[in-house]
Amino acid sequence: MGLLDTILGRSKPVRPNLDQLFALPSAALTLQAGAGFVPTGLGSVCFAGVEGGGFARIRQDVRELLDADAGRAGHPVEFSHDSYGYTWLLARQPPDDTAALVNDLHAVNTLLEDGGFGPQLLCSLMSFQDAEQRPLGLVYLYKRGTFYPFAPLPGLGEKRDNQRELQVRALLGDDLRIEPDLARWFPVWGAPGL
1 MGLLDTILGR SKPVRPNLDQ LFALPSAALT LQAGAGFVPT GLGSVCFAGV
51 EGGGFARIRQ DVRELLDADA GRAGHPVEFS HDSYGYTWLL ARQPPDDTAA
101 LVNDLHAVNT LLEDGGFGPQ LLCSLMSFQD AEQRPLGLVY LYKRGTFYPF
151 APLPGLGEKR DNQRELQVRA LLGDDLRIEP DLARWFPVWG APGL
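Under this note's numbering, the letters of the sequence shown match residues 1 to 194, in that order.
Just to be clear, a hint being listed does not mean it is correct.
Stated by the list, open to error - Quick list of simulated restraints, FRET-style, between CB atoms: (1) Asp181 to Arg63: 31 to 37 Å; (2) Leu156 to Phe186: 17 to 23 Å; (3) Asn17 to Asp97: 21 to 27 Å; (4) Ala183 to Ala56: 33 to 39 Å; (5) Ala131 to Gly85: 34 to 40 Å; (6) Leu65 to Asp174: 29 to 35 Å; (7) Leu65 to Asp19: 16 to 22 Å; (8) Asp96 to Asp19: 20 to 26 Å; (9) Gln167 to Ala99: 23 to 29 Å; (10) Asp97 to Gly36: 16 to 22 Å; (11) Ala183 to Ala99: 29 to 35 Å.
Honestly, the hints are just simulated from the structure, not real lab data.
Ideal Cβ placement from N, Cα and C applies to all residues, glycine included.
Could you put together the complete structure from these sequences and hints?
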């Protein structure tokens with residue numbers, strides 16, 4: 001960072017710290033105790049669509065790594081594409097094993113980053129629901145190194161529960177590095193697992 005960058009208001013981008021994902025199990029406990037949201041055992045990673053032999057090899061490595069998990073019988077990893085052209089990977093674990101799910105999400109992100117696809121990584125998401133089956137996702141923004149809550153309103157199209165999102169932000173402020181810029185709390189409509 002030079003003097004000119006400071007004068008023009010440019011800032012150095014935050015380096016992603018994938019180890020922040022390991023704060024999710026304790027945040028899950030706080031979320032359950034404070035708001036009644038429990039993990040669903042579903043988590044996903046979103047990245048920009050990439051093609052080619054290098055990516056095909058990484059995709060196969062991810063599949064082998066996650067599908068080889070002995071506890072994953074009948075729960076293979078799933079790849080899908082959304083209407084915006086992004087690729088999603090959906091991982092499953094028992095709902096009471098958030099640590100295993102976080103390990104899966106971390107491993108996928110690490111494999112993609114180590115394979116040279118770090119710039120294509122967008123976000124990771126861990127899914128929750130309350131007693132009324134209302135969904136909530138904790139989204140990790142890869143390029144910002146921050147989390148934010150996303151609470152879609154079921155059955156109402158593309159509408160979200162902003163009040164619930166702000167309540168969750170207040171609740172998890174000590175557990176996770178929450179994204180301070182609300183304009184960056186992007187909706188992830190139709191995210192697998194949510």
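Looking back at the numbered hints, which does the structure fail to meet, lowest number first?
Hint check: nothing fails, all pass.
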